[in-house]
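Protein chains in written order, with the working numbering: chain A, 1400 to 1513; chain V, 49 to 165.
Think of the hints as simulated: they come from the structure by calculation, not from any bench.
It is possible that some hints are incorrect.
Straight-line C-alpha distance at most 30 Å; calculated DSSO-like pairs for lysine-lysine [said to hold, decoys possible]:
1. A/Lys1472 / V/Lys126
2. A/Lys1454 / A/Lys1472
3. V/Lys131 / A/Lys1472
To list a few chain V residues with every Cβ distance to chain A over 10 Å, as calculated [stated by the list, open to error]:
4. Lys90
5. Val91
6. Ser96
7. Asp119
8. Arg128
9. Ile153
All residues carry an ideal CB built from backbone N, CA and C; glycine is no exception.
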Amino acid sequence: AQTVTQSQPEMSVQEAETVTLSCTYDTSESDYYLFWYKQPPSRQMILVIRQEAYKQQNATENRFSVNFQKAAKSFSLKISDSQLGDAAMYFCAYSPNTGNQFYFGTGTSLTVIP
Amino acid sequence: EPEVTQTPSHQVTQMGQEVILRCVPISNHLYFYWYRQILGQKVEFLVSFYNNEISEKSEIFDDQFSVERPDGSNFTLKIRSTKLEDSAMYFCASSRKAGGPKRNIQYFGAGTRLSVL
């Protein structure tokens, strides 16, 4: 069964500092996608970054980057130069290439301290 | 950028009543989804829909639930006889998944908060 685990219910970071959010997953599939979504207080989930499992290179999107360790089934999100607007709930999600559904973690609530 | 829109943002209903939650997916998307998030819990998959039929559903999606694409733009989730435990945030999502760099990305709406009294 596919499961996604986020072991940090809450994290905080000083503005302009770097923070890393953890995510591990369990799957027997070899081809899949991993995602980080951000859910601000307005509640709409926004895609932050996506990683394709067959790509060894870690995905980056501006201040956001991932550390994808396929053998360890680990997919952490690094936010550099944190901004007040980064404060949100962050969800890690897994999607097998053969299926449609996403499997979500329980989320990490990120607070940015001015 | 195009968005998935959901209406209403908050729905209050009495236990046993039928509710219909509405979604307008992104116009060129082919796959449509419903998820729910009970307060304090994970976002859970309910159902996916493609080519006018259900392509995948979870154990949560029992006979009380149904989905429909009544026209070219709307995608609805109906709960026939609501229970207290149906209270949750319901998210609609859509994806293209037809290939290209944005395949498999699901775009989510802001959600409908359903409160069953």
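Hint-by-hint comparison with the structure:
1. A/Lys1472 / V/Lys126: 37 Å, violated
2. A/Lys1454 / A/Lys1472: 14 Å, holds
3. V/Lys131 / A/Lys1472: 38 Å, violated
4. Lys90: 5 Å, violated
5. Val91: 4 Å, violated
6. Ser96: Answer for V/Ser96: violated, closest chain A Cβ roughly 4 Å.
7. Asp119: 22 Å, holds
8. Arg128: With a cut-off of 10 Å, V/Arg128 remains clear of chain A, as the shortest Cβ separation is near 23 Å.
9. Ile153: 6 Å, violated
Of the numbered hints listed earlier, those contradicted by the structure are 1, 3, 4, 5, 6, 9.
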